[in-house]
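With the hints as your guide, set chain B onto chain A.
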Amino acid sequence: MTALLLRDLKLSVRAGGGALIGVLFFMTVVAVIPFGVGPDLNLLSRIGPAIVWIGALLSALLGLDRLFQTEREDGSLDLLLMQEHPLVLTVLVKCLAHWLGNGLPLVIASPLLGLFMNMDEVAIGATMLTLLVGTPALTFIGAVGAAVAVALPRGGLLVSILVLPLAIPVLIFGVSASYAAVEDPAPFMPPFLILVAITMFFAVLGPLGAALALRNAGD
Amino acid sequence: MIKILMKVSSMRLLAENLSARRGEDLIFTDISFDLGAGESLVLTGRNGSGKSTLLRVVAGLLHPETGRVVWTSESSESGMRAAEACHYLGHRNAMKAELTVAENLAFWKSFFGDVDGGKGISPAEAAETVGLGGILHLPFGYLSAGQQRRMAFAKLLVAYRPVWILDEPTAALDVNAEGAFTGLINAHLAAGGIVLAATHQPLGLENARELQMTGFAGVGEERW
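Same order as they appear, the protein sequences are chains A and B.
Here the working numbering is used: the first residue of the first sequence is 2, the next is one more, and so on.
Here the working numbering is used: the first residue of the second sequence is 5, the next is one more, and so on.
Hints are computed from structural coordinates only; laboratory data are not their basis.
Using N, Cα and C, we set each Cβ at its ideal position, and we do this for glycine too.
The reader is advised that the hints may include incorrect statements.
Unchecked claim - Heads up, incomplete: computed chain A residues facing chain B, CB under 8 Å, no partners named:
| hint | residue |
| --- | --- |
| 1 | 4 |
| 2 | 5 |
| 3 | 8 |
| 4 | 11 |
| 5 | 12 |
| 6 | 15 |
| 7 | 75 |
| 8 | 76 |
| 9 | 77 |
| 10 | 79 |
| 11 | 80 |
| 12 | 82 |
| 13 | 83 |
| 14 | 84 |
Okay, chain A solo, but in the shape it has when bound (with noise of 0.2 Å):
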C-alpha cells in the first residue's frame, strides 16, 4: 500500500502530472477577482474567504476525473482489482495520494492568495486551517464520481457535475467558519466541527462507494 502512495505521489509531480494544473488554475481563478471586483479594498477582503475558497473547490474538482480513468486506460485498473488488498483500502490510499499531490498544494499556496483578496492574517490563518480540513472531503467524493465516471471517455465535465451537490455543505461549512474566524459574534467551533465531522464522513462513504462502482464498472 505505501508502495502505491510513492507510485501515486511520484506520478502527480511527473510530467502530466496534475499537480501543479491544479495549483495554477487556483492562482488564476483568485487572481482575476480583484481585477473583475476593482480596487475596493475592504469589499475585497469581505468576500476573500469565500473567493479562495471557491478557487479551492474548483480546482479540486478539476482532477478528479483522472483519478481513476489513467490506471484504467493502461489496464493497471484490472490488476488493482483483482488483487487481495480489500479495494476499500486500495481506493482509500489513492485518495490520501491524490489529497498529498493535488489538495494540499492549494492549501499550501492559499495564504499568498490570500494576500491578494487583503485578508488579515486571522482570516488567512481560518482559511487556510478551514481548506486543510475540508479539501480530503473533496477528494473523497470525488472519488465516488470518478469511478462512477471510469469508463466514459471524457467523463472530466460529468465528474465535477455529479460531485457538486455533494461538495456544497463543504463550501458552506467552510467558508461559514473561516468568516466566524474574523466576524465577532459567530462562533468559530461548531461549523468547522461540522466540517471535521464532513471530511471523516466522507473518509468512510466516499471510498465505500468508489469500490463498488469500480467492482460493477466491469467491461
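Frame of chain A, contents of chain B only:
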C-alpha cells in the same frame, strides 16, 4: 520429493458452466474446465468469439451470467477468490509511461506480494530474463511496443502467482521474443503453474489442451 509432488498436485483451477453476457448477447455458454498443476489451456477462435471475455471472467473482472470459478490449493484459505491466485496480462500493459521501468516493476512487485508456494524474482533479474537488462532506468514510455510488451511480461515474474492468464501474450513481439516467452511459459508450467492463454499464433506449449471458442452470435435474437 513426494511431498513436493503432492503439494503441486493439490492446486486446481476449476470453472463450472461459465457463461457470460455482453449487453443483450450471450457470448458463450456452459464452458467448464478443470486445470491442475502444470496444465495449460489455450483458447483459440476467431475475433469476437469470446476469448478475452472468458479470460476476464476467470480473472474475476467480469461477473459470469451463470457458473463459477473456483481455486483450491493446499495453502489457500477457504473463500479466497480465484483472481487472487492469478496474474492477468491483458491487451494493455498496466505500466505507467511516466515512471521508469525499474519503478514500475518495483511497484508491482511490492503491491502484488507473493502468493504462498513461490517467490518472485527481483525487477533487475526479471528484466534480464526477458532480455532487456540494460534499460531499467528508462521511462517506460520511451520503449518500443515490443519492449513494452516484454517488460509487461517481466511483471509476471516479479511476484509469484500460480495461475497465469494471458490474453494475446505475443502481440507486437518478434520471433525471437516469442520463442523466449514460450520458454518462460513452459518453465512456469514445469514448476507446477497453470496457464490459461488466448492466442491466434500457436504458442508451442508442451501438452497444452485447446479450447475452440465458437461464439454465440444469434443467441440474442432467439431470446426475443
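Tested hints:
1. Annotation: interface hint on residue 4 of chain A holds; nearest CB of chain B at approximately 4 Å, less than 8 Å.
2. The beta carbon of residue 5 of chain A comes within 6 Å of a beta carbon in chain B, closer than 8 Å, and the hint placing it at the interface holds.
3. Checking residue 8 of chain A against chain B: minimum C-beta separation of about 5 Å stays under 8 Å; hint holds.
4. Taken as an interface hint, residue 11 of chain A checks out: its beta carbon lies about 6 Å from the nearest beta carbon of chain B, inside 8 Å.
5. The beta carbon of residue 12 of chain A is positioned within 8 Å of a beta carbon in chain B (closest approach about 6 Å), and the interface hint is therefore held.
6. The beta carbon of residue 15 of chain A comes within 4 Å of a beta carbon in chain B, closer than 8 Å, and the hint placing it at the interface holds.
7. For residue 75 of chain A, the interface hint holds, the least distance from its beta-carbon to any beta-carbon of chain B being 6 Å, beneath 8 Å.
8. Below 8 Å, beta-carbon pairs count as interface contacts, and residue 76 of chain A has one with chain B at about 3 Å; its hint therefore holds.
9. Annotation: residue 77 of chain A was flagged as interfacial toward chain B, and the flag holds, the nearest CB pair being 4 Å apart, inside 8 Å.
10. For residue 79 of chain A, the interface hint holds, since its Cβ comes within 8 Å of a Cβ in chain B; the closest pair sits about 6 Å apart.
11. With 8 Å as the threshold, the beta carbon of residue 80 of chain A comes within range of chain B, its nearest partner Cβ sitting at about 5 Å, so the hint holds.
12. Interface hint at residue 82 of chain A: satisfied, since its Cβ lies 6 Å from the closest Cβ of chain B, which is below the 8 Å cut-off.
13. At its closest, the beta carbon of residue 83 of chain A sits 4 Å from a beta carbon of chain B; the interface hint therefore holds under the 8 Å criterion.
14. Hint on residue 84 of chain A holds. Least Cβ distance to chain B is approximately 7 Å, under the 8 Å limit.
Checked against the numbered hints given earlier, the structure satisfies every one of them.
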